[in-house]
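Trainee: The lines below spell out each chain.
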Amino acid sequence: MKILEFAKKEKMVTRDFPVVPYEVTEGFRGKPEYSYEKCLGCGACAVACPSNAVTVKKDEERGLSVWKIDYNRCIFCGRCDEVCPTEAISLSKQYVMCVLFDKEDLTVTGEMKLRKCDSCGRYYSTERLYNYVYNKLISAGWDRATIDEKAKHLKFCPDCRREQAINNYVNQMTKRG
Amino acid sequence: MGPLYTVPENIQKENTVEKKLAHLDKIKRTFFVYRVDAGSCNGCDIEIFAVISPLWDPERLGFKLVASPRHADILVCTGSVTRDMRYPLLRAYEAMPDPKIVAAVGACGCSGGIFHDAYGNWGGIDSHIPVDLYVPGCPPHPATILEGFALALGIIDQKLKKTVHDNDDGKVPFDGTSILNNSLFERDIYVESKSLMGYIHGRVLYKKYCGAMKTAKKPDDVSEVTELMKYLVAQEEDPRYAECLRVLHNNVYMQWLDRMMIMGDEGKNQYLIKGA
Ligand code: SF4
Ligand code: SF4
Ligand code: SF4
Numbered sequence: 062m063k064i065l066e067f068a069k070k071e072k073m074v075t076r077d078f079p080v081v082p083y084e085v086t087e088g089f090r091g092k093p094e095y096s097y098e099k100c101l102g103c104g105a106c107a108v109a110c111p112s113n114a115v116t117v118k119k120d121e122e123r124g125l126s127v128w129k130i131d132y133n134r135c136i137f138c139g140r141c142d143e144v145c146p147t148e149a150i151s152l153s154k155q156y157v158m159c160v161l162f163d164k165e166d167l168t169v170t171g172e173m174k175l176r177k178c179d180s181c182g183r184y185y186s187t188e189r190l191y192n193y194v195y196n197k198l199i200s201a202g203w204d205r206a207t208i209d210e211k212a213k214h215l216k217f218c219p220d221c222r223r224e225q226a227i228n229n230y231v232n233q234m235t236k237r238g
Numbered sequence: 026m027g028p029l030y031t032v033p034e035n036i037q038k039e040n041t042v043e044k045k046l047a048h049l050d051k052i053k054r055t056f057f058v059y060r061v062d063a064g065s066c067n068g069c070d071i072e073i074f075a076v077i078s079p080l081w082d083p084e085r086l087g088f089k090l091v092a093s094p095r096h097a098d099i100l101v102c103t104g105s106v107t108r109d110m111r112y113p114l115l116r117a118y119e120a121m122p123d124p125k126i127v128a129a130v131g132a133c134g135c136s137g138g139i140f141h142d143a144y145g146n147w148g149g150i151d152s153h154i155p156v157d158l159y160v161p162g163c164p165p166h167p168a169t170i171l172e173g174f175a176l177a178l179g180i181i182d183q184k185l186k187k188t189v190h191d192n193d194d195g196k197v198p199f200d201g202t203s204i205l206n207n208s209l210f211e212r213d214i215y216v217e218s219k220s221l222m223g224y225i226h227g228r229v230l231y232k233k234y235c236g237a238m239k240t241a242k243k244p245d246d247v248s249e250v251t252e253l254m255k256y257l258v259a260q261e262e263d264p265r266y267a268e269c270l271r272v273l274h275n276n277v278y279m280q281w282l283d284r285m286m287i288m289g290d291e292g293k294n295q296y297l298i299k300g301a
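Listed in order, the protein sequences are those of chains P and X.
Residue 62 is where the first sequence starts when you use our numbering, and the numbers rise one by one after that.
Residue 26 is where the second sequence starts when you use our numbering, and the numbers rise one by one after that.
There may be inaccurate statements among the hints.
[Stated by the list, open to error] Mimicking EDC-like on lysine to aspartate or glutamate, the simulated pairs with C-alpha atoms at most 20 Å apart in a straight line are:
(1) Lys-184/X / Asp-220/P
(2) Lys-197/P / Asp-213/X
(3) Lys-89/X / Glu-39/X
(4) Lys-196/X / Glu-148/P
(5) Lys-69/P / Asp-82/X
(6) Lys-293/X / Asp-263/X
(7) Lys-243/X / Asp-263/X
(8) Lys-72/P / Asp-263/X
(9) Lys-154/P / Glu-143/P
(10) Lys-164/P / Asp-151/X
(11) Lys-51/X / Glu-34/X
(12) Lys-187/X / Glu-143/P
(13) Lys-232/X / Asp-193/X
(14) Lys-233/X / Asp-220/P
(15) Lys-187/X / Asp-209/P
(16) Lys-177/P / Asp-213/X
(17) Lys-243/X / Glu-211/X
(18) Lys-186/X / Glu-143/P
(19) Lys-242/X / Asp-263/X
(20) Lys-89/X / Asp-70/X
(21) Lys-164/P / Glu-84/X
(22) Lys-89/X / Asp-142/X
(23) Lys-118/P / Asp-82/X
(24) Lys-177/P / Asp-193/X
(25) Lys-70/P / Glu-84/P
(26) Lys-177/P / Glu-148/P
(27) Lys-118/P / Asp-263/X
(28) Lys-129/P / Asp-246/X
(29) Lys-243/X / Glu-262/X
No wet-lab data here; the hints were simulated from the structure.
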């Protein structure tokens, strides 16, 4: 009887969840939402992701960089959100994400064009990343000559860049004698 | 690594998708659930118990927890399969009456989760037995788990679909405009905001600051910007943001004026915003 009295005093606490959406609190860590338009394919999120839910793979045959998130593996830690330079991936408040039968439904893929190195012709970065860095360089308030000098290095892959730096250095040294 | 366990033929025959769907259709009323912990960290199990509490009350939908897999309609598995729990999992699976509906709860159950490359871990539930319902999350929110049951029973529809974006046009999310005609200023503000308040609140702070700066007619006019920031700080309800906006103005913005040779050290003090 005591319980009944108690129950009368308290209102009903059960939530009408599947019918009425549940309001999550401020700061809830839900599904990381991916915005393809903003992504550069830089791969910072793939490096940061502790459970390898985000992967960035090079598809040399098609000349694409394939970004993929698998919510099956995501632990909603937000590290991808933390490192992303453009907020292309950020935690949302979405918690409705169950799927039946096919777990591929829980993946999001984004394909981005790759860019070839001007010297050796191998793929080394995405077009978007190159454009982004180039635009940033231009807007960083340098004069034209400095921008051109810096942008020159952008067009080569890290290996060629290193090689060139060493060659330049050796040339300088031999000139000096 | 080849398949560790092949589902026997007679079970396979009884467990086609059509039969499962027909079964799910039939059990609209009461469904019996048996829960297997195949090596979870217990986070998911606690959330499942949270679901059974009156706050969520899944018995409205007909959820009933049973003590034997022989009574069960749905097998709820949590955790990535460890070597020791693999055999009990298989036994529970085979003991279930056909058709067997298996739900994998948690990132571990769906794919191995954070432990996917750990030693002694044999992958997600679906690398051993066929899984029908995937409930991602680490641990999943009670609402997600409840939604999973509702989805299996056909009360609600599935929201997510496989998405592939492949229309790259090389456009980037940066239009080259900048407040002080130098994007390094924004970078400094962003870095300082993040180091002051972390990435979630830091981003809000950055947006607040830059949003206000964009309304300034001449962002390099120190007296106008100082008035603007004083107003913004006074308007701010959250003292953390107010304090950090002040720091951004006093440190980063003033340093930039110095760097752009608009204003040196002398006369700087009158433009600093004092704390409360
Ligand atoms: S860090 Fe951001 S921009 Fe870079 S690949 Fe990941 S989502 Fe794209
Ligand atoms: S929230 Fe964490 S686990 Fe999920 S994709 Fe981002 S970094 Fe990976
Ligand atoms: S998904 Fe997360 S909470 Fe659930 S068992 Fe795995 S580690 Fe634990």
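Trainee: Give me the numbers of the hints this structure contradicts, sorted from smallest to largest.
Mentor: Violated: hints 1, 3, 6, 7, 8, 11, 12, 13, 14, 15, 16, 18, 19, 21, 22, 23, 25, 26, 27, 28, 29.
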